[in-house]
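Numbered according to the UniProt record's numbering, the sequence shown terminates at residue 291, and the numbering increases by one at each position without gaps.
Don't take every hint at face value.
[Unchecked claim] Taking lysine to any residue and the SDA-like style, the derived pairs with C-alpha atoms no more than 20 Å apart in a straight line are:
(1) Lys88 x Thr191
(2) Lys189 x Leu167
(3) Lys189 x Arg83
(4) Lys88 x Gly103
(5) Lys189 x Val80
(6) Lys189 x Ala76
(7) Lys88 x Leu194
(8) Lys189 x Leu169
(9) Lys88 x Ile38
(10) Lys189 x Leu85
(11) Lys189 x Gly168
(12) Lys189 x Tyr89
(13) Lys88 x Ile104
(14) Lys189 x Thr165
(15) Lys189 x Ser166
(16) Lys88 x Gly36
(17) Lys88 x Gln179
(18) Lys189 x Arg87
(19) Lys189 x Ile38
(20) Lys189 x Gln97
(21) Lys88 x Leu193
(22) Lys189 x Pro93
(23) Lys189 x Ala173
(24) Lys189 x Gln179
(25) Lys189 x Gly36
(26) Lys189 x Ser91
(27) Lys189 x Leu162
(28) Lys88 x Phe102
(29) Lys189 x Gly84
(30) Lys88 x Arg190
(31) Lys88 x Ile107
(32) Lys189 x Arg92
(33) Lys88 x Val100
(34) Lys88 x Ala76
(35) Lys189 x Leu79
(36) Lys88 x Leu99
(37) Lys189 x Val161
(38) Lys88 x Ile98
(39) Lys189 x Tyr90
These are computed hints drawn from the structure, not numbers from a lab.
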Amino acid sequence: MPSMSLFLSQLFNGLATGLLLALISTGLTIIYGTLGVINFAHGALFVVGGYAGYTVYGLTDSFVLAVAGGSAVALACGLVMERGLMRKYYSRPPEDQILVTFGISIILVEIVRGLYGGVSLSVTPPEWGQGIAHLGSLIYPMYRLETLGIAAATLLLLYFVLYRTSLGLIVRAGIEDAQMVNALGINVKRTFLLVFGIGAMAAGFAGVINSPIVALTPDMGFRYLVESFVVVVIGGVGSFPGAIIGGIIAGEILSLTAMINPQYSDVMLFIAMALVLIFRPQGLMGQEGRE
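Start from the sequences, fold in the hints, and give me the full structure.
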């Protein structure tokens, strides 16, 4: 049987993983809920942000600038994707959207592979994140503990933008009825561009703050993409609180199952998703009747 300290450590690991998945899934569910686009390039944007942050960190030796740089590069990629290509696919069938975003993800990943090679790269935690923290009898890495606070603060900021600003009101209204928002004289296309950019920036931000925890590889985004889609299904499409709740549930399932048998972590995650689809198809926080 696992010891109590190991169990508590895995609980913290699950919470850290869950908030990271929630951060990625927030961008994914906003884009899908607002634009109706199944963005298979979201995992690649996570990778782009991580590698861009790695480059800025190496040039400036400032992790704060690395986070800003990685987020900015992912934001720029998202804006170019939306303005240059995705806008033409909003009225196209979902399978066309899947194919084009999947193609974009392959292109972005191969560009990263061509620039940095296929070997994994490690990122040293910033000076303020090094060392360990003593939480009673539990010894826990300082940076992982601080990542919890960073992810939670970022999610709180996104919540404020979505629920306490006029932009958030337009976005949430666009999720429910984009045609009505357009009829009110609001430039929905410009809002959608900003929404796509925010979603991409969230993925890039998550890629940077996760880089000191897990080594950077060009293909790592595919795993996070699949897990993020599971989070969106569990939490409910278009639901910001659902993305957070679903992320925490997914993180704890992955972490606690890995403590017993790592081979079954993904299996248990998909079992949880299947149970949600059976008993509550709209997700834990989703609304009935959503497409």
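Need the list of violated hint numbers for this structure, in ascending order.
Violated hints: none at all, because every hint is consistent with the structure.
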